[in-house]
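Residue numbers (the numbering used here), protein chains in the order written: chain A, 1 to 407; chain B, 1 to 426.
To be clear, the hints were calculated from the coordinates, so they are not data collected in a lab.
Careful, some of the hints might be misleading.
To give a feel for the contact side, a few chain B residues facing chain A, derived at Cβ under 8 Å [said to hold, decoys possible]:
hint	residue
1	Gly30
2	Val206
3	Ile389
In silico SDA-like pairs for lysine to any residue, Cα to Cα no more than 20 Å straight-line [claimed, not checked]:
hint	chain 1	residue 1	chain 2	residue 2
4	B	Lys203	A	Pro382
5	B	Lys93	B	Ile106
6	B	Lys203	A	Glu392
7	A	Lys208	B	Pro388
8	A	Lys208	B	Asn266
9	A	Lys208	B	Ser383
10	B	Lys341	A	Ala319
11	B	Lys341	B	Trp238
12	B	Lys341	A	Glu392
13	A	Lys182	B	Arg23
14	B	Lys341	A	Pro382
Note that the structure is predicted; figures quoted are calculated from it, not measured.
We put the CB at the ideal spot given by N, CA and C, even for glycine.
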Amino acid sequence: MTDATTVPDEQKQKKPPSRFRTAMSGTAGITFLSIVMALVIGAFFIAFSDPAVQEASSYLFAKPMDTISAAVTSVVEAYKALLTGMLFDPDATSLVDALKPLSETITMATPLILGGLSVALAFRAGLFNIGAEGQIILGSIFAAYIGFQFNLPWFIHLLLAVVGAFIGGAIWGGIAGFLKAKTGAHEVITTIMLNWIAIYLVAWLLTKPSFLREGRQDPISPPVAESAEYPSIFDEWRVHGGIIVAILAAAGVAWLLDKSTLGFQFRAVGANANAARTAGMNVSRMYLLVMLIAGGLAGLAGSAQVLGTEKSLTGGISAGIGFDAITVALLGRANPWGVVAAGLLFGGLRAGGLNMQTATGTPIDIVLVIQALIVLFIAAPPLVRSVFRLPETGGAGFMQTAKGWNG
Amino acid sequence: MSVAEAPAPEALPEVHIVPPTPRLVKVLIGLGIFAILVFGFFTPAGKDVTFQLTLGEEALALPDLTLPAKISAIVFSVIALLGAVGALFAARKERPLWPYTTVFGIFFVLGFLSWAVAGNTINLVGLLQGSLLLAVPLVFGAMSGILCERAGVINIAIEGQLLTGAFMAAVVASLTQNAYLGLLAAPLGGLFIGLLLAVFAIKYWVDQVILGVVLNVLAVGLTSFLYGRLLAPNQETWNSPPTFSPIAIPVLSDIPIIGPILFNQNIVVYLMYVIVIIINIALFRTKWGLRVRAVGEHPQAADTVGIKVNSVRFRNVLLGGLVAGLGGAFFTVASVGAFGKEMTAGKGFIALAAVIFGRWKPMGALAAALFFGFADNLQSVLSIIGTPIPSEFMLMTPYLATLLAVAGLVGKVRAPAADGIPYKKS
Numbered sequence: 001m002t003d004a005t006t007v008p009d010e011q012k013q014k015k016p017p018s019r020f021r022t023a024m025s026g027t028a029g030i031t032f033l034s035i036v037m038a039l040v041i042g043a044f045f046i047a048f049s050d051p052a053v054q055e056a057s058s059y060l061f062a063k064p065m066d067t068i069s070a071a072v073t074s075v076v077e078a079y080k081a082l083l084t085g086m087l088f089d090p091d092a093t094s095l096v097d098a099l100k101p102l103s104e105t106i107t108m109a110t111p112l113i114l115g116g117l118s119v120a121l122a123f124r125a126g127l128f129n130i131g132a133e134g135q136i137i138l139g140s141i142f143a144a145y146i147g148f149q150f151n152l153p154w155f156i157h158l159l160l161a162v163v164g165a166f167i168g169g170a171i172w173g174g175i176a177g178f179l180k181a182k183t184g185a186h187e188v189i190t191t192i193m194l195n196w197i198a199i200y201l202v203a204w205l206l207t208k209p210s211f212l213r214e215g216r217q218d219p220i221s222p223p224v225a226e227s228a229e230y231p232s233i234f235d236e237w238r239v240h241g242g243i244i245v246a247i248l249a250a251a252g253v254a255w256l257l258d259k260s261t262l263g264f265q266f267r268a269v270g271a272n273a274n275a276a277r278t279a280g281m282n283v284s285r286m287y288l289l290v291m292l293i294a295g296g297l298a299g300l301a302g303s304a305q306v307l308g309t310e311k312s313l314t315g316g317i318s319a320g321i322g323f324d325a326i327t328v329a330l331l332g333r334a335n336p337w338g339v340v341a342a343g344l345l346f347g348g349l350r351a352g353g354l355n356m357q358t359a360t361g362t363p364i365d366i367v368l369v370i371q372a373l374i375v376l377f378i379a380a381p382p383l384v385r386s387v388f389r390l391p392e393t394g395g396a397g398f399m400q401t402a403k404g405w406n407g
Numbered sequence: 001m002s003v004a005e006a007p008a009p010e011a012l013p014e015v016h017i018v019p020p021t022p023r024l025v026k027v028l029i030g031l032g033i034f035a036i037l038v039f040g041f042f043t044p045a046g047k048d049v050t051f052q053l054t055l056g057e058e059a060l061a062l063p064d065l066t067l068p069a070k071i072s073a074i075v076f077s078v079i080a081l082l083g084a085v086g087a088l089f090a091a092r093k094e095r096p097l098w099p100y101t102t103v104f105g106i107f108f109v110l111g112f113l114s115w116a117v118a119g120n121t122i123n124l125v126g127l128l129q130g131s132l133l134l135a136v137p138l139v140f141g142a143m144s145g146i147l148c149e150r151a152g153v154i155n156i157a158i159e160g161q162l163l164t165g166a167f168m169a170a171v172v173a174s175l176t177q178n179a180y181l182g183l184l185a186a187p188l189g190g191l192f193i194g195l196l197l198a199v200f201a202i203k204y205w206v207d208q209v210i211l212g213v214v215l216n217v218l219a220v221g222l223t224s225f226l227y228g229r230l231l232a233p234n235q236e237t238w239n240s241p242p243t244f245s246p247i248a249i250p251v252l253s254d255i256p257i258i259g260p261i262l263f264n265q266n267i268v269v270y271l272m273y274v275i276v277i278i279i280n281i282a283l284f285r286t287k288w289g290l291r292v293r294a295v296g297e298h299p300q301a302a303d304t305v306g307i308k309v310n311s312v313r314f315r316n317v318l319l320g321g322l323v324a325g326l327g328g329a330f331f332t333v334a335s336v337g338a339f340g341k342e343m344t345a346g347k348g349f350i351a352l353a354a355v356i357f358g359r360w361k362p363m364g365a366l367a368a369a370l371f372f373g374f375a376d377n378l379q380s381v382l383s384i385i386g387t388p389i390p391s392e393f394m395l396m397t398p399y400l401a402t403l404l405a406v407a408g409l410v411g412k413v414r415a416p417a418a419d420g421i422p423y424k425k426s
């Protein structure tokens with residue numbers, strides 16, 4: 001941004017930017033710096049809202065160092081608890097216990113990765129799927145019903161429930177895709193509305209005798225049969241086989257996008273729908289297909305919740321995962337393996353945030369702030385470059401390809 | 001659904017050879033027949049329905065209206081159908097539809113109530129008064145959406161703006177123990193989100209849908225974090241705002257039925273009337289409004305005649321933030337009294353739905369918001385009385401209605417042409 005305004009004379013005198021600074025100005029560098037900036041701003045919020053810091057600041061001018069040291073302690077303690085809650089517990093006596101935080105990170109990351117893949121796939125086809133939340137709910141409903149209603153041998157039952165979850169999510173995503181294809185209704189509006197319809201749908205189902213657990217008034221279904229649960233490694237760890245599904249799904253989406261004809265068509269439609277239509281592609285069909293698959297992926301995230309983590313259907317089964325999935329897909333730049341990495345980071349923040357909340361009393365909601373800020377910054381590379389005075393490398397943000405409501 | 005068709009004051013004269021029957025009219029006729037069949041046949045015979053027409057505190061007391069439920073359900077549904085047929089003839093003769101759709105709406109709802117409330121009593125005045133209150137944040141949110149989107153910036157962050165507005169109002173009103181200061185501070189909360197929206201959308205060209213989603217996450221995160229850190233541990237100092245009480249406007253509030261509904265409300269409701277009227281006039285009757293709409297429809301043309309496209313957009317997005325923030329005050333200083341985590345609970349998205357359902361027109365959005373508020377309040381009233389319809393389905397109404405609207409069931413819904421597309425001067 002700054003270079004554009006300087007006169008040529010000055011430019012000659014300026015040294016060419018170092019290789020390091022050029023690298024930092026690239027995609028990976030901007031992502032890294034965005035995370036750093038978000039953590040720094042998060043640190044300010046943690047410090048200034050800490051009661052101990054506020055107390056010390058009442059005599060700021062008498063003893064300024066007290067305030068600074070209280071603030072530093074506050075931030076260091078909080079972020080230390082966040083990190084140990086993400087990776088490993090140094091005070092644990094056994095290795096299984098020590099790695100429990102990592103298990104939590106992966107547990108939290110599993111539905112985020114699957115939801116993120118859903119958003120990312122649609123994104124590559126030029127559609128913005130805000131409906132992962134609703135698709136997760138529908139997937140959860142299907143997985144739970146198959147899980148607690150039937151009695152089948154172990155693997156077959158699990159497989160059936162997972163396929164059911166995919167179909168449930170696909171139906172919900174498919175509605176948005178169908179409306180887009182047939183009537184041109186904008187998928188952002190339809191998926192937002194479908195999210196809320198799904199929220200009330202699950203609330204209603206959980207008042208019905210066929211879904212409500214016997215003897216319970218609160219919205220909770222019977223537990224899914226053990227034969228439909230994702231297998232786990234240790235009883236102490238919550239991490240379950242859903243992560244394998246997530247990794248396989250990432251590989252599948254990567255293959256679909258990079259190696260298959262269908263994926264090529266998706267990307268062509270995403271790059272320029274009119275050009276794709278001129279080239280003879282059936283754009284409407286692509287919209288329907290991509291929303292079916294994206295919905296199915298989000299449905300799988302629902303299966304991770306119902307068959308792995310919660311083991312029954314509840315009113316809050318989606319727990320905002322569908323919205324976090326959007327930030328995951330954006331941080332992963334709509335690239336399947338990027339989504340896996342972003343899902344692990346945000347899953348870690350969720351897991352670590354819980355630990356931070358219990359250990360230091362810092363509310364976990366700061367994680368949402370950090371998450372939102374990271375995406376905000378990576379969406380605006382010129383801002384990050386100007387903060388760190390990095391050279392302009394011309395790499396425009398991928399989130400700047402805006403289309404209007406009518407587009 | 002009947003209320004969606006608002007008068008279109010800004011419509012340019014168009015040349016029609018044979019006026020086609022609007023799809024809306026077909027839908028209304030279908031609904032009218034549906035009403036006769038369902039409400040008429042499924043209302044149990046021999047039961048009465050009682051409509052109370054007063055709250056019991058008015059000077060002029062109207063008697064309760066007790067009707068045989070089955071007959072009234074049929075009669076009201078038939079009148080609704082006649083209204084729809086009237087709309088059909090009005091459309092043929094190119095006369096405005098709204099008198100007929102209004103008749104349809106009122107009698108459709110009365111027919112529905114005769115069926116749903118059969119054997120019970122419902123207070124119509126209380127029902128409508130509560131509906132208006134529930135619509136207040138929706139109306140403010142929708143006005144914010146209209147201000148932004150008419151200038152060409154998509155605003156999905158209405159939810160976040162309402163939430164930060166509610167938060168600011170609660171905190172300032174608590175600290176100062178003055179609800180009016182809370183009301184003054186609330187717009188600043190919305191402005192904060194509006195500012196981020198404006199900077200990232202207009203200066204950095206970030207996709208506005210993404211931006212809105214992210215700003216909502218940011219607003220939830222920030223307010224929940226500060227709630228957990230400051231408000232929850234010190235409820236007394238930080239989170240116990242005084243609330244407004246209703247102010248009865250002399251004379252007007254004594255009019256039977258509409259008096260208590262419209263003119264015995266708190267100051268936020270009166271502010272809402274003023275703001276809707278101002279925005280409607282400003283958008284369609286002033287030079288400012290013409291510029292805003294030009295920027296939203298055809299920014300290149302606006303630029304050619306010397307309108308500074310991006311400054312108009314920047315100002316409007318900030319203005320939208322202020323309005324939605326003000327609406328946020330409703331949650332704390334005008335209703336609940338204390339801030340709660342994520343207390344807007346999706347109202348911002350219903351407001352967005354109202355913008356779309358009302359076709360980016362202030363009066364249309366107002367009508368849609370009132371309709372959604374009515375559905376919401378009816379749901380809670382009926383869940384007390386006990387009804388044939390599960391309350392979850394009533395709560396779905398705004399979303400289903402919007403889904404059907406954007407799918408073209410009630411005519412074509414079209415956003416401002418340049419809505420969501422950053423303007424880059426070339």
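Outcome of the hint check:
1. Gly30: 18 Å, violated
2. Val206: 4 Å, holds
3. Ile389: 11 Å, violated
4. B:Lys203 x A:Pro382: Holds. B:Lys203 to A:Pro382 sits at ~10 Å (cutoff 20 Å).
5. B:Lys93 x B:Ile106: 23 Å, violated
6. B:Lys203 x A:Glu392: Measuring from Cα to Cα gives roughly 16 Å; hence the hint holds.
7. A:Lys208 x B:Pro388: 14 Å, holds
8. A:Lys208 x B:Asn266: 40 Å, violated
9. A:Lys208 x B:Ser383: 16 Å, holds
10. B:Lys341 x A:Ala319: Status holds; Cα separation ~14 Å.
11. B:Lys341 x B:Trp238: 14 Å, holds
12. B:Lys341 x A:Glu392: 41 Å, violated
13. A:Lys182 x B:Arg23: Roughly 17 Å between the alpha carbons, so the hint for A:Lys182 and B:Arg23 holds.
14. B:Lys341 x A:Pro382: 34 Å, violated
The structure fails hints 1, 3, 5, 8, 12, 14 (numbered hints given earlier, in ascending order).
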